[in-house]
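Quick note, my numbering runs 4 ahead of the 1-based positions in the sequence shown.
No lab work stands behind these hints: they were computed from the structure.
Mixed in with the good hints, there may be bad ones.
The calculated DSS-like cross-link candidates involving lysine-lysine, where the alpha carbons are at most 30 Å apart (straight line), are [stated by the list, open to error]: (1) K143 <-> K82; (2) K215 <-> K143; (3) K170 <-> K143; (4) K56 <-> K82.
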Amino acid sequence: MALPKLLLLLLVVGGALSLTFFPGSEAGDVGVCYGMMGDNLPQPPAVVQLLKQHGITMVRLFNADAGGLRALANTGIKVGVSLPNDNVAEAASSMSYAVRWVQSNVQAYPGTWIDSVSVGNEVFHQAPWLTHQLLPAMKNIQAALAGAGLGDAVKVVTPIAMDALKVPSFPPSVGEFRDDLAWSVMRPMVDFLEQTGSHLTFNVYPYFAYKYDSHVDPDFAFFRPNNGQHDPGTGLTYFNLFDAMVDAVFHAVEKLGNSGGRTRGRRRGGVTSTMGVPESGAPAGKGKTGVALAGSASTENARAYNSNLISKVLRGAGTPYNPDADISVYIFSLFNENLKPVVHQQPRFGNCVLPQWRDGLKRLGGPPYVQLSQDL
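With the hints as constraints, model all of the structure from the sequences given.
See the structure below:
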């Protein structure tokens, strides 16, 4: 059945890069996540020049940093800003707060191409007590944007962690939302996103799935040649874990059925036609997380994963279940952030993205990009 177009954004490590169409499905966009929790990072104007030198035209901020937003003005770079989890409850309960937030963090930067507001980040995982306040917060921010005449230009999204799906979620055809989320949260959220022309967003990290499951083939996780994994439910074969995770979400969305009732059924059309991944990637080093979590964090694995993911997206390749899906990703992350709180410390995802970006473009025969003068 024909449904209003819903972009299904799976957040991945990266920034957006606008390219021409490729045969088959449309070429996706690739962007970068730009975190600022560090005392050794370049100033925003220098970062913007770095992005422009590498042809990166899409950036996701984890806040609405004034310096970053000013530096990104009049650059042609699309910017996603974020309302942190700490502000979700107030945005849900107070329309006046939502209006003030939009005025201060979106309207105040008319020269900056802000195209999305992420309300919260992995709320079901990081702040589950806010689960039932998330959609009201999204609706209030959307209403505030509409009141400012920005309801169509700026989309409201919320990044969701993969643990919103039941375990197991492999093979992909068994993908289904958890019982505590499916009908009370995800069903109305999908309806809201369809009504506003926005997109469902998921953070997709095959690296962590691999680290927590000893049965996962590392070649399958890092986009290297392998024998593939068969899905008996669809008869499809998967050759990388990223595609398998994305298709598990596609199947979960389909199982929500139609908005007219709680009947399960295949939900096809725009809901599963376009995909965005705002956060994904593989770490190049262990950082401060310890050997247990970062044992397979290496430059070699990060290069294989990120460069192959970038080239896959820019080729316009879909997934086995949705070969014509338009997939866009944000690569995590542009920099390592040395001031993150202990609870958010992670393997070193940053500082190697730009060389891997070049590798991904080379696979497409793209133009050479400037060599970095320093190890950022």
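Distance restraint between K215 and K143, which requires alpha-carbon spacing of 30 Å or less: Violated, at roughly 36 Å.
Can the restraint linking K170 and K143 be considered satisfied, given a maximum Cα separation of 30 Å? holds, 26 Å
Sort out whether K82 lies within 30 Å of K143, counting only the CA atoms. Between K143 and K82 the Cα gap is close to 22 Å, so the pair holds against 30 Å.
Compare the distance between the alpha carbons of K56 and K82 with 30 Å, and conclude whether the hinted pair is satisfied. holds, 12 Å
This entry does not satisfy hint 2, going by the numbered hints stated previously; all others are met.
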